[in-house]
Amino acid sequence: MASTDLKRTLLIGITAGIVAGVVVALACSKKSDEASKPPLTQAQRDSAIAASKLPGAGVVGRALEVADSAEARSNKSIPEP
Amino acid sequence: MKIGILGSGDVAKALAAGFLQHGHAVTLGTRDPSKLSAFTAQNKGARVGSFGDAALFGEVLVLAVKGSAAADVIRDADEDNVEGKVVIDTTNPIADAPPSNGVLEYFTHGNESLMERLQREFSGVRFVKAFSCVGSALMAHPKLPGGPPTMFICGDDGDAKKTVGGILDQFGWDVEDMGGAEAARAIEPLAMLWCIPGFLRNDWMHAFKMLR
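Listed in order, the protein sequences are those of chains A and B. Everything in the first sequence is counted per our numbering, starting at 1 for the first residue and increasing by one. Everything in the second sequence is counted per our numbering, starting at 1 for the first residue and increasing by one.
Keep in mind the hints are simulated off the structure, nothing from the lab. Errors might be hidden in some of the hints.
To be verified - Each computed EDC-like pair below joins lysine to aspartate or glutamate, with the alpha-carbon atoms no more than 16 Å apart:
hint: 1; chain 1: B; residue 1: Lys143; chain 2: B; residue 2: Asp159
hint: 2; chain 1: B; residue 1: Lys85; chain 2: B; residue 2: Glu112
hint: 3; chain 1: A; residue 1: Lys53; chain 2: B; residue 2: Asp10
hint: 4; chain 1: B; residue 1: Lys85; chain 2: B; residue 2: Asp159
hint: 5; chain 1: A; residue 1: Lys53; chain 2: B; residue 2: Glu59
hint: 6; chain 1: B; residue 1: Lys2; chain 2: B; residue 2: Glu59
Stated by the list, open to error - Facing chain B, a subset of chain A residues (Cβ under 7 Å, in silico):
hint: 7; residue: Ala48
hint: 8; residue: Ile49
hint: 9; residue: Lys53
hint: 10; residue: Leu54
hint: 11; residue: Pro55
hint: 12; residue: Gly56
hint: 13; residue: Val59
hint: 14; residue: Val60
hint: 15; residue: Ala63
hint: 16; residue: Leu64
Note that CB positions come from ideal geometry on N, CA and C, so glycine has one too.
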């Protein structure tokens, strides 16, 4: 009888340990996923506004395209070292 | 009611779909009808024409173009077709410039709104500011956990505001009349504020609500 109780206690303890381990592992993996997400660049944030469908926000997208192509042109004109 | 929508972008299409859902007759005005071919294929009741066609057709007009083009579009529509009509002004005076770290740049200033400029130039038109501070996904029948959001409106003509208030009620909005056209100085910048939660969390499904 005492042996059965001991077995049951051990089984409960082991199960609780496994559950706790899984919970901790999941929490850590979520944190690590969040940490691994690269922060949005300013251009990505600004582009999100262009896609927001706010009245008139389309001009933001076009302005960003113009700014991006101007920057690309300017980068091309820099002589390589 | 006969609705003429000046514009062919997401805002024009979202509002057109909302009006059609409530049994209004809709004509969209555009310089490029091909932009609306997919929309008209899906929304059989919608008609497409020039800006002038839409303005002539509508008892109520909706101005849904970029802010810097708003006056030109009304001129294109022919002022005679617009004179005396209620015009729902959805426009924002967003400058043709990248935002500053997520904050939109306007071509107007604090003591003058785009709607006041339009009202001054087209003095016979009954402008009502509405729908300018929310994305097109929420313009018609917004379903938000906090209940019906508030649309702040303004304009110099009381009857025009009553007409627009009725439309907003059909579209599922609470309405707050903020007074004359000058109040657009306060309403237009709400669009800047509306963008910031999106900028911070990439979440665009929100709207303003007046609580008392």
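Right, here's what the structure says about each hint:
For the suggested pair B:Lys143 and B:Asp159, the alpha carbons sit about 28 Å apart, so the restraint of at most 16 Å is broken. Our distance criterion of 16 Å between C-alpha atoms is broken by B:Lys85 and B:Glu112, whose separation comes to about 23 Å. Restraint check: the Cα-Cα separation between A:Lys53 and B:Asp10 comes to about 6 Å, which is no more than 16 Å; the hinted pair holds. Of the supplied pair hints, the one linking B:Lys85 and B:Asp159 holds, its CA atoms being roughly 11 Å apart against a limit of 16 Å.
This hinted pair does not check out: A:Lys53 and B:Glu59 have alpha carbons roughly 26 Å apart, beyond 16 Å. Among the hinted pairs, B:Lys2 with B:Glu59 is consistent with the structure: their alpha-carbon atoms are about 5 Å apart, no more than 16 Å. Interface restraint check: A:Ala48 against chain B, minimum CB-CB distance 6 Å, threshold 7 Å, status holds. Against a cut-off of 7 Å between C-beta atoms, the interface hint on A:Ile49 holds, since the closest Cβ of chain B lies about 5 Å away.
Nearest Cβ of chain B to the Cβ of A:Lys53: about 4 Å, under the 7 Å cut. The hint holds. Look at A:Leu54: its Cβ gets to within about 5 Å of chain B, closer than 7 Å, so that hint holds up. Hint on A:Pro55 holds. Least Cβ distance to chain B is approximately 4 Å, under the 7 Å limit. Residue-level restraint check for A:Gly56 holds (minimum Cβ-Cβ distance to chain B is 4 Å; threshold 7 Å).
The restraint placing A:Val59 at the interface with chain B holds, with a minimum CB-CB distance near 5 Å, inside the 7 Å limit. Interface restraint check for A:Val60: the shortest CB-CB distance to chain B comes to about 6 Å, inside 7 Å, so the restraint holds. At a threshold of 7 Å, the smallest CB-CB gap from A:Ala63 to chain B is about 5 Å, leaving the interface hint in force. Among the interface hints, the one on A:Leu64 holds; its C-beta lies about 5 Å from the nearest C-beta in chain B, closer than the 7 Å criterion.
Violation of the numbered hints given earlier is confined to hints 1, 2 and 5; the remaining hints are satisfied by the structure.
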